[in-house]
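Student: Just need the whole structure built from these sequences, with the hints factored in.
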Amino acid sequence: MNRRILSVLSVLIICTFVLAACSSIQKEAVAPKVLTAENADATLTTATTSKATEATESATTNQAITTTAKQIATTAKKTAKTTVKPKTASNKAAPATTKKITSTAKKADSSKANIVVTAARSALGVKYVFLGNTMSGFDCSGLTLYCYNKAGITLPHQSAQQSGLGKYVSKANLQPGDLIFFDTNGGNDGINHVGIYTGNGKFISALSGAGKVTEASLSNSYWVNAYMTARRIL
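Numbering follows the working numbering, in which position 123 of the sequence shown is assigned residue number 123; successive positions increment by one, without gaps.
Fair warning: there could be bad hints in the mix.
What the hints assert, rightly or not - For each label pair, taking beta carbons as the anchor points, the in silico distance ranges come out as: (1) N173 to G211: 14 to 24 Å; (2) S122 to N188: 25 to 35 Å; (3) D189 to G211: 19 to 29 Å; (4) D189 to A210: 18 to 28 Å; (5) N185 to S110: 31 to 41 Å; (6) G186 to F130: 16 to 26 Å.
Said to hold, decoys possible - Dumping the calculated DSS-like pairs for lysine-lysine here, alpha-carbon to alpha-carbon at most 30 Å: (7) K202 to K171; (8) K212 to K150; (9) K212 to K171; (10) K127 to K112; (11) K127 to K212; (12) K167 to K150; (13) K212 to K167; (14) K150 to K112; (15) K202 to K127; (16) K150 to K127; (17) K112 to K167; (18) K150 to K171; (19) K171 to K127.
It should be emphasised that the hints constitute simulated quantities derived from the structure, not laboratory data.
The structure displayed is predicted, hence computed values, not measured ones.
All C-beta atoms, glycine included, are put in the ideal place defined by N, C-alpha and C.
Tutor: This is the structure we're talking about:
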């Protein structure tokens, strides 16, 4: 009898311990689930808050960028308006004025030309003297030197050098007092003779072949072939 009671008591005690243990296990199992849900809610709340914060910050940044861009555009417009544009008229280059250059001479000084021609006519018949430049005798360049000196103009005593002075004159535009140059060797030796044009197609020169100062016509075939150029110094 006593053994049976002890056995029943033992069973009851064991059951009590088992029930207590099950209850404890059940509480422990439920607690984590509750905690996990709470943690999930907290995590979700944190994530939502973080995203909202990021969105707010992004919106603020975009707004700041937009505002800055507008400010830059406004400043650029103001700068463009206040920039002084150069006046077109002042920047245009003045039209170039081209002066026609001509190698031909102006009209001879008639007063000086008359002096030269008069001096040349006064020397007609004076004998030819090599290197002479006085009324005692002339060579060709000595005669022109003498006549031009009467008009206040100094010439070198050499026909080729005289041909480099003044301005070129075409044969058709010769005027009294112009110097005319020849090559008496048929154009093979260059300029070696000079005379003074007196008008009407004639000129005066000191000619070695004639032995004196003479007047000749430019239309003469000899002088046509010997003619080289003419210069206006007056």
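Student: Are the hints correct? Go through all of them and say.
Tutor: Quick rundown of the hints versus the structure:
Taking 14 to 24 Å as the suggested C-beta distance range, the pair N173 and G211 does not conform, at roughly 32 Å. Take S122 and N188: their Cβ atoms lie about 34 Å apart, and the range 25 to 35 Å holds. A hinted range of 19 to 29 Å holds for the C-beta pair D189 and G211, which are about 21 Å apart. Checking the proposed 18 to 28 Å range against D189 and A210 shows it holds: the Cβ atoms sit about 20 Å from each other.
For the hinted restraint 31 to 41 Å between N185 and S110, the CB-CB distance of approximately 35 Å keeps it satisfied. Separation of G186 from F130 is about 22 Å and conforms to the stated range, judged on CB atoms against 16 to 26 Å. Restraint check for K202 and K171: the C-alpha separation of about 12 Å stays at or below 30 Å, so the hint holds. As the CA atoms of K212 and K150 are separated by approximately 20 Å, the hinted pair is consistent with the 30 Å bound.
Taking the CA atoms of K212 and K171, the gap is near 25 Å; set against the 30 Å cutoff, the hint holds. Of the pairs offered as hints, the one joining K127 and K112 holds, with about 25 Å between alpha carbons and a cut-off of 30 Å not exceeded. Between K127 and K212, the direct Cα distance comes to roughly 4 Å. Compliance with the 30 Å bound is thereby established for this hinted pair. A threshold of 30 Å between alpha carbons decides the hint, and for K167 with K150 the separation of about 20 Å falls inside it, so the pair holds.
At most 30 Å may separate the alpha-carbon atoms for a hinted pair to count; K212 and K167 meet this at roughly 29 Å. Taking the CA atoms of K150 and K112, the gap is near 9 Å; set against the 30 Å cutoff, the hint holds. With a C-alpha separation of about 20 Å, the suggested pairing of K202 with K127 holds against the 30 Å cut-off. The hinted pair formed by K150 and K127 meets the criterion: a straight-line CA distance of about 19 Å does not exceed 30 Å.
Distance hint between K112 and K167 is fulfilled; the C-alpha atoms sit about 16 Å from each other, no more than 30 Å. Taking the CA atoms of K150 and K171, the gap is near 25 Å; set against the 30 Å cutoff, the hint holds. Proximity of K171 to K127 is assessed by CA-CA distance (about 28 Å); at most 30 Å being required, the pair is judged to hold.
Figure legend: structure checked against the earlier numbered hints; the only hint not met is number 1.
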